[in-house]
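> Sequence:
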Amino acid sequence: MATVTPEVLWAQRSSKVDPEKNFIYLTIGVPDVPPSNLKLDLQPTTLTFTGHSDTLKKTYHLELEFYAEIDPAESKINHSPRDVELKLRKKELDDAYWPRLLKESKKVHFLKTDFDKWVDEDEQNEAPEEDFSNFGGMGE
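Residue numbers for the sequence shown follow my numbering, so the first one is -6 and each next one is one higher.
Each hint should be verified, as a subset may be incorrect.
What the hints assert, rightly or not - Only pairs whose alpha carbons sit at most 35 Å apart, straight line, appear in this in silico DSBU-like list of lysine-lysine:
#1 LYS105 - LYS84
#2 LYS32 - LYS69
#3 LYS80 - LYS105
#4 LYS84 - LYS9
#5 LYS9 - LYS50
#6 LYS51 - LYS9
If you are wondering where the hints come from, they were derived from the structure by calculation, not from laboratory data. This one's a predicted model, so the numbers in the text were calculated from it and none came from an experiment.
Work the whole structure out from these sequences, hints included.
Below, the structure is given as structure tokens:
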């Protein structure tokens, strides 16, 4: 059975004073992967995901090493039939955006900017608030 790397979309916000506005949006595109078929391990500097779709007969696997630390306890996850969305709280409060998502600067084919959620650094205070009411904590 083939193991494939899922497409990952990302965007971010930053704040030096408000931890709630200092985060990474991450969307892992894994259609038809039920919660019972996925394993997600979120650590301060890494994310490991494995999921299997019985209908598509695919196993998805992903390992990311982040540019800087996140706070797994304050991060949120939402699983839908199409994807797994994460809101990862950046550990360090800073007005500046991370220059990239990953520690290594090399380009990876599966990682793309999520332009639906992206806001330029100088416009983020005017950006509408996202609704995360359907997201659960990492321990739920």
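> Hint by hint, work out which the structure violates, then give me just those numbers in ascending order.
The structure breaks hints 5, 6; every other hint is satisfied.
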